[in-house]
Every structure is written in C-alpha cells, then in structure tokens.
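Engineer: Chain by chain, the residues run as shown.
There are 2 protein chains.
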Amino acid sequence: MSVAEIMQSPAYRKIVEVLEADHDRTVADIVALTEIPAPPFGEGPKGAHYLEMLRAHGLEDVELDGIGNAMGLRRGAGNGPLIVVAAHLDTVFPAGTVVTVRREGTKLFAPGVGDDTRSLAVLLAYIRALDAAGVRTSSDILFVGDVGEEGLGDLRGIRHLFTEGKYKDRIKAFFTVDSPDMEGLVVGGVGSKRYRATFRGPGGHSYGAFGLVSPAFAMAQAMLELSRVAVPGKPKTTFSASVFGGGTSVNSIPNEVWVEVDLRSEAPVELVRLEQRFLAILDQAVQAENHARSTEQGAITVEATLIGDRPAGSTAADSDIVKHSTAALEAHGFAVRHVASSTDANIPMSLGIPAVKIGSGGTGGRGHSLDEWIDVEQSNSVRGMAAGLTAILAVAGIAP
Amino acid sequence: MSVAEIMQSPAYRKIVEVLEADHDRTVADIVALTEIPAPPFGEGPKGAHYLEMLRAHGLEDVELDGIGNAMGLRRGAGNGPLIVVAAHLDTVFPAGTVVTVRREGTKLFAPGVGDDTRSLAVLLAYIRALDAAGVRTSSDILFVGDVGEEGLGDLRGIRHLFTEGKYKDRIKAFFTVDSPDMEGLVVGGVGSKRYRATFRGPGGHSYGAFGLVSPAFAMAQAMLELSRVAVPGKPKTTFSASVFGGGTSVNSIPNEVWVEVDLRSEAPVELVRLEQRFLAILDQAVQAENHARSTEQGAITVEATLIGDRPAGSTAADSDIVKHSTAALEAHGFAVRHVASSTDANIPMSLGIPAVKIGSGGTGGRGHSLDEWIDVEQSNSVRGMAAGLTAILAVAGIAP
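Chains as they are written, first to last, in the working numbering: chain A, 5 to 404; chain B, 5 to 404.
Since the hints were made in silico from the structure, they are not lab data.
The reader is advised that the hints may include incorrect statements.
To be verified - Straight line, CA to CA, 25 Å or less: simulated SDA-like cross-link-like pairs of lysine to any residue:
(1) Lys172/B x Ala52/B
(2) Lys240/B x Ser298/A
(3) Lys240/B x Arg297/A
(4) Lys240/B x Thr299/A
(5) Lys172/B x Leu86/B
(6) Lys111/A x Gly302/B
(7) Lys240/B x Val254/A
(8) Lys172/B x Gly84/B
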C-alpha cells in the first residue's frame, strides 16, 4: 500500500488527530516508564509494567516470553504476514542510577528517556490511534517491548524472538523503533565484537614486591595502543575501552585487572581487521610488560573473552520496507539518510528478513550519558510519530 | 643508662623472674584481647576493655583520648622526659571475621593474635614487672593501646597523639611494640601517599559518539607513564596501580573511570618527588587525551583524592633510642637488622622525634592472613619481652 494512499485516507487524518489529542498521555507514559529502572539484565520490573500496559490496550495473546520480552498481538484481517514493531526495555545504565525525570519546558532529562523509553510509549500511542481510527491492518502486528538490546544483553531479546520464540517462522518484516532521531533510517546492521580482556600476574605487596610485573601496566599499555589505532571513517569503524575492574587492595600489585572493549564496523572486513589488531595489541602489551619488569614470581598473561558478537547485515534499498519507510519519512518532511547502526534490527537483517530501525519522533541527545534528554514539543513529536506509523501501515497494509 | 648497667641490676633480675612467673597470665590476656574483634574503624570495644585493664594496673590519668586511644601514665621520678610505649588495637580483618583463638601446644592461631594483640598484653606484663621490681623510671612512661594503625586507618591514632593530644609537646621518645619479630628493629619509616584518581568526561555512545575524548584512554596513558617513572632503588621508592573501576556499559564511552595508586619511599624527598611526578602525569595524560580526540561535548578532567598519607622519616643510627635498642636486643641474643617499614613510628619519625618499632617476643607468622599464628613457648617469649623492656628502660632511665 503506498504512502500516498495512506496519507490521503480519512484513517490517517484521524490517526494524526488522536496522536495530537492524547500527546500529554504519551508524555506521561514516557515519564512513568523512564522512572522504572531497567539496567542490563534487570528489565523485569519495567517489562512487567509494560506487559500490563499492552494488556490494557486490548491486544491479544499478551505475554512475557521465555526470555522476558513483553508482547501482544494486534490482529489484522488475517490475510497478511506477521509484522513486528519493537522497542527495547533495557537501558545502558547500571542498577542504582537515578532515573528520575527532570522537566524543563518541553525537554525531559533522564538516563534512558530517549534510548529507548520514549519508543515504548510511542508504541502504545500507535495502538490507541489505530483503534480510534478504526484501522484494521492486512497483516497481524506484534508489538514487543524487548530485553537485552544494550551492551552485554547482546540482542538476546530479539535473537530469542527470531530463533526460539513461537512466532519465529511467521515474521515477514521487522521495525525497531529506537531513539528519537527520524532522519537516520537504519538499513544496515553494524557488526560488533565485544571483549573482556583479563590481565593476570603474580601480584604481591606494593612495596615489598615492587619490581614484579603488573597486569595493571600491561592493561594500560594495551588501552593506550588501542586509542591510537587508525580506523577508517568510511566504512565507519570504532572502538571503545568501556568498563574497568579488578585489583586486590590499594597496597597490592594486582593479580588480576580487566577491561571491556567494544569494536564495531559497518563493514565485516574492517571489523575483522580491527579485531585482529586488538588481539595483537593485547599480546604485545603483555610481552612489553614481561620485558619491563621481573617475571621471577610469574609472568603476565591475558585472556580475551568474547562477550558480545552482533552479526552485521543489511536490508536491500529496493525492499518494500526500505522504500515505504523512506517515502513515509520524506512525506513528513524528514531528510532521510540510509545509515548503518547496531540495533535489534541486526538479527533479522543477518537472517535475511527485511528490517529497519526508525525513530520515535521529537528530538534528543546525549544518549548513553547521564545527561540524556529528549524534547517532546508536540508538533515535532507528533510529526515523527505519524511518519513512523505511516511506514508501518504501508508495510502492514490497511484492510478494506 | 647503659644496657649493661640495667642487665646487671637486681631490678632486671626481678623483672625477668616476674615475666616468667606470670607468663600464663600474659598468654591469657593475649587470648582474651584477641577474641575482641577490632576491625579498621571498629576498635571501640577492644579499646574500652584495654582501658579497664590499664586502670586495673594502677596507671594514672587513664583515659580514652579524642580519637579512641586507650592510655595511662606510669609516673617516673619527675626529672626525665615523657616516653611513649604503644601497641595498636586494630587488626586488618573486617567485621565478622571469626577471631576465636585455637591453641595447639604453645601455638595460638587467630586473626590478629600476633599483629598486634600479643603486644597489648606484653605492655601490661611490663607494668606488672616494673611494679613488682619496684622500678621507678627517670622518665614518665605513657602506655598506649592505639587505633588506626592498619590500612585506611592511616595511623590516625598516633597521628592524633603527636599532633592534637594533650601530651603532644612532651613526648621525647616513642616505642611501638608491633608483632613478635625481634630481629628487625625498625628505624626507618617508609612513607606512603595513596590516591584515587578519577577521570571524568562527557561519555557517550561507543559508536555514535566515537571520536569524543575518553577518560579510559587518559587513565591508560597516565598509568603507562607511571609505569615508566625511574625511581631509586635506594632509598627504596615504589609505585603501584592497584585497583580499577568505573565505566557505564560495554557500548558506552565511559563518563568516569578510576584507579587507586600507592606511592612509597623510605626518603621523604623521594616521596615528594614521586608524588609531584604522579600528579603531573595525571594532568599531562588528560591534556594529551583532550588533544587526541574531540572535546566538543566536554573535556576530560581528573580529580586526585588523597586516600592515604603516611609520612616518611627515620631515626638516626647514633640516636640513644637506636643505640640502646640495638644493644638490648643483641644482649638478649637477637641478630638485629636495622630496617625500614610502615608503622606507627612513621609519625614521630616524620616529626623528628626519636622512634623505633620493636618486637613483642616469641615467634609468629602469616600476619594479615586468616592463618595468623604465634608461638608463646615461655623461654623464647620471655627472652623477647625482657629484651624489649631493657631497651625501654635504657631510654627511660632508672631513678636511683
């Protein structure tokens, strides 16, 4: 169904009217959901709450699946494929992070407010708008609040949906609604490799055993070398030394320290190159430390454990989902760019199932930082939401 | 007063006789005191109990001072200086550690039994022996069970005694009796500075915000530079990068990472030099990172928090306290070595007040471990105790 046909329909006009009319409720939902902490592997309470919201919106087969995804079906006319519209429950922020929302005018500040909590509320707004407009889609639409998108979650929620869940063989298209930005339509899945590098050595008293090799210095050298790796800007390729830990006590040479590293690239070949360079850097840093200080009580070793592995993939530019999404976004005034990123869409893309990531509308910034914010100014917010729903309807079709 | 004069006196013979005669009581005191837990910053109950023991031994001005040291004065002839004889109340073991003493023959096993609980009991045995022998010293002797010797206690008990306590301007010599070993006479105080260096930055998404400055890379550079600092082997000077932490998630450029660092030297001038170099390294590493990547969302900063500060110092080899202590220990058959360590004696040494650490006698091992033990076999135990008291009397003088 073309974007033009949808936008000329009375249903579309009603949808926009409803998105506007209950925008305050959508904002209230964003705040309420943001204030339920959802650290990695701690999405339970937010998932349970979202499950009840899906149920209250009248979906069918509302359930928490085996991995913790909260989902429910909005049945269509029964003659189309099953389409998934998902947003992720988890945030990057560890347990204990203050997630209270601060409001300044139309701006909301809180960790996770834009990535990806706004989208969860937007999915609910979509259901209300479709119902109010009396829209029956051709396809069934499965709405999902999924777990494990961030970090060490390693896309486990959507991976489960596509490889083990009860709908796994029926899904013909996948939208993930993730973060406010509407212009970057994600049609490529950036692959990533994540490692925990654990450096070990004999350890000892900081004064009495001074002169022995230290895993801390091997780690320092490795991370400094990583910081100096020249990566291409295009295909975009990145690295980050992210989380640190280890050590015995302030007055001990540590026997173990560790760091978690994130490596990414749009291009599989560049990701392999970066990964190989990283692993070589680890070994070189260990050798350098073993030559810089005494190994009389034992030498430094390093163990690199793969803790995340997101497949790269892409959806063809001439696929229906990319064509419809591009048209829908452009028709709402967005200057669409086709980009690659690492999102829940990586999983279907890697399986050859058409998938895109679209935005949730409005604007925002500073994702993954404690200063994260979104702007829920109504006209811009609704314009983004309407664009997203138009893309979904173009793929799902409206039954006569 | 010479060691030879003391050891030829009738008083000395009586002292040894009493140390032998009530050795069982000394052992009973060791057991009773060991079984009162005294974790860092939790010395209160042990201090209160020790206070009553000092009072029962007839000392004057028995009191708990403002920081928790339990102490009492044994008045001398009134024409000598004030001498302090101290042992520390605290152990390294956290609250909840089982401190029940297990006895096998002459061996006692328990956390803290040798470091430094035996010494607390030995101080009481000294008072009983001096009283029984009718010894009036030339100097007043202040007996102290002090707090905060271990770890983050940072010598706060003895620091208070010398900088704020009511005797602070009267103390002319200081003995700390610490652990069984009699051969290592501590005449040098290894100084230490301990820092937590916290690197902060804007943080952000590991892929989306790639190119922003990272506190992880500033920390890596700083620790690598620290590893390359050339420190003298004599006076022994050391550094350690010890405990690491921080980071938001594997897929985030961290907004905060930290490392704890231990710096030590036998020589105050070298410790100051190392500390200044360390602080300069922190700033240089931050500047380097701020020039290596984008500061458009904010720059890297570093905060260096002093979490431990033990002054270095030493007592001259030709000082009375070192000469008398050496002679007293050798006269009792111990092969004395002059060594440097980090003990309560650091404080007076750093203030130019003559100070040594002597042993409490007997033998022992596995200090700072749960397997800590001492051997209270009587002849060896009393030999060490007599040697220590001889050193104290040589400095205090016996009034005619």
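Engineer: Each of the hints needs a verdict: does it hold here or not?
Structural biologist: Hint-by-hint comparison with the structure:
1. For the proposed pair lysine 172/B and alanine 52/B, the alpha carbon gap of about 22 Å is at most 25 Å, so the pair holds.
2. For the suggested pair lysine 240/B and serine 298/A, the alpha carbons sit about 16 Å apart, so the restraint of at most 25 Å is met.
3. Of the supplied pair hints, the one linking lysine 240/B and arginine 297/A holds, its CA atoms being roughly 16 Å apart against a limit of 25 Å.
4. The straight-line distance between the Cα atoms of lysine 240/B and threonine 299/A is roughly 20 Å, inside the 25 Å bound, and the hint therefore holds.
5. A hinted pair counts as satisfied when its Cα atoms are at most 25 Å apart, and lysine 172/B with leucine 86/B qualifies at roughly 10 Å.
6. Distance restraint check for lysine 111/A and glycine 302/B: the Cα-Cα separation of roughly 21 Å lies within the 25 Å cut-off, and the hinted pair is therefore satisfied.
7. Taken as a hint, the lysine 240/B and valine 254/A pair is honoured in the structure, with Cα atoms around 19 Å apart against an allowance of 25 Å.
8. Using a Cα cut-off of 25 Å, the hinted pair lysine 172/B and glycine 84/B holds, with the two alpha carbons roughly 16 Å apart.
Of the numbered hints stated above, none is contradicted by the structure.
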